[in-house]
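K.L.:
Please put together the full structure from these sequences, using the hints given.
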Amino acid sequence: MTLLSVRDLRVWFPIQKGLFRRVVGHVRAVDGVTFEVNEGETVALVGESGCGKTTVGRAILRLVEPTSGEVRFLGENVADLDEKGLRKVRKNASMVFQDPMTSLDPRMRVIDIVAEGIDEHGLVKGQEERKRRVTELLERVELRGEHLTRYPHEFSGGQRQRIGIARALAVEPKLIICDEAVSALDLSIQAQVLNLLDDLKRELNLAYLFISHDLAVVRHIADRVFVMYLGVIVEEGPADALFSAPLHPYTQVLLASAPSVESRLGAAPLAGDVPSPANPPPGCRFHTRCPVKIARCSVEVPEPRKVRLQTVACHLVSPDAASQEGTSPTPGDASQEGESR
Amino acid sequence: MSVLVVQDLTTSLPTDEGPVPIVRDVSFELAAGRCLAIVGESGSGKSMTALSILGLVPRPLAITSGQILLEGKDLVPLSGAAQRRVRGREIAMIFQEPMTSLNPVIRVGEQVIEALLLHEKVSKKAAYGRALELFERVGIPDPAARLEAYPHQLSGGLKQRAMIAMALIMRPKVLLADEPTTALDVTIQAQILRLLRELMGEFGTALLLITHDLGVVNQIADEVAVFYAGRIVERAPRDQFFSAPAHPYSVGLLDALPARAQKGARLREIPGHVPSPTNVPAGCAFAPRCPKRGEACDVVPRLEPLCDGSRRVACFYPEEPV
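Protein chains in written order, with my numbering: chain A, -2 to 338; chain B, 4 to 325.
Source of the hints: derived by calculation from the structure; they are not laboratory data.
Treat the numbers as computed from the prediction; the structure is a model and nothing was measured.
Any given hint might turn out to be false.
To be verified - Straight-line C-alpha distance at most 27 Å; calculated DSSO-like pairs for lysine-lysine: (1) B:LYS266 to A:LYS303; (2) A:LYS128 to A:LYS88; (3) A:LYS198 to A:LYS88; (4) A:LYS198 to B:LYS127; (5) B:LYS76 to B:LYS176; (6) A:LYS85 to A:LYS128.
P.N.:
And the structure:
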């Protein structure tokens, strides 16, 4: 069953100038994004900073207002909802943030942090039941019940992220949006939290929208992956297919650039910087950095097309080109020249 | 021949209950043109080791014992002024956040040549000439204009390149880099790692890289030192470290990597968490989390060569090399 369906979502932030805050342009943070998340599924949004992945997550819960497009959650258009309707959305979809140091109110006790959603939605009656429920939640994320009355600063980074997860679970959501939820954690703790997320998903039939720049983590946890570049999705597909045979030149470069413990970097890393989303290049947004661009790329926006198991927006990848590998660029295999130092 | 030798370095925080060591008996050496990566989780003492070498230990912390030998000369007893002469000229540092380590109200060029004007008798014009050369070398497009720019006008990747140019302008013998690519996107990260590798070869600079990212270590390091609770628990050539780690903590770190796990399978966890410096277990600090702990672990293990001589490990029950 489709839980979340996002259609042609745009989020533009106005650029204002001068005394009268005249709007002189827009930062097109998200510029036409379409995807779905099904019940019990882990969908990942990956991309570099400024690609719009975080804004997508925030727009779903209307923490930022979408400029246009449609976000349907459990069948309802989130954009049309009033406060009451939004509360229902936020009861069924919650969020875990990147930085457990700053996303928990330092002046609140753990019980009140975790119970925030419970209180908001009136999910329990009386103090006793509230306490029992929070204790349950803490134990579920492998913290101890006696932590109830402590404050966030008394916990390590990993424990704080567990508190953040307990808070997200408190409303019994169907979807949890994890925005770089394990990025700030140390390696040994990251594994613990990823395993916990995996257990919770199985037990509670949760869906995750997993927003991350960490490709190794995404490869491990995601069922489907959407690759974003400058506000648009350039490639989408099942995680296994996308990681083992990426089609879009950007996906290929992204995978090849990630410093891996398994291989050394190839000869030619991608040159240049990501252009500004206030003034995205015409045509294919990636053409200014693309190693294989042709004339058409700077003029015509590539339409997403189904190729093999993926959907890819690139003029150079055609649907009948299952044999594309021979001609498509594979920067990752460029050479092992990197060894020669 | 080692340019930098650190010998039994201990840096401590004085408290009412006595000094609390943050860095404990750390020893390593670094040869010209080589890269030693210091890896460890937060609180392992890796950044404090770097600050100790730079003579930038924040008060009230202080180096309580040990030597830091730069080409045979001990830096620890030097006065503030003498340390400043070394810093910038012979040892330079690049930090994690290029955004916060450049002064936002001073033009980039001014900041890049500052060390040169401070340490050498050169005209401003000659200094700018050298900065321009270096900007070209580190791959900054339109270098003349970039020297005139303010930091906010540069992207993250360009700022980090400018930082590298600034660090290298004195041709330092040792470059300390604390998470130099962590704040950058992967495509930019790859560019910077490549650049650092090239510059090490060209200038003969030794690189002490501090990072938690084992992927980065694999790209650039010659040798790896694994820190845990202020101590080095393993020191190994890169390939040996990745293919056959010997300390149970190193094994645990590599096993915890999602990249090394079967898709969808559970990740191997290291149970528990890193102890705080005030609460380091007696004996081997890793023992409470260690799957191989035994009776001997009540004593602090020394960092000793493994039987095949390939590396040094501080463990009574190391993985034997195959």
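K.L.:
Tell me the numbers of any earlier hints that the structure contravenes, in ascending order.
P.N.:
4
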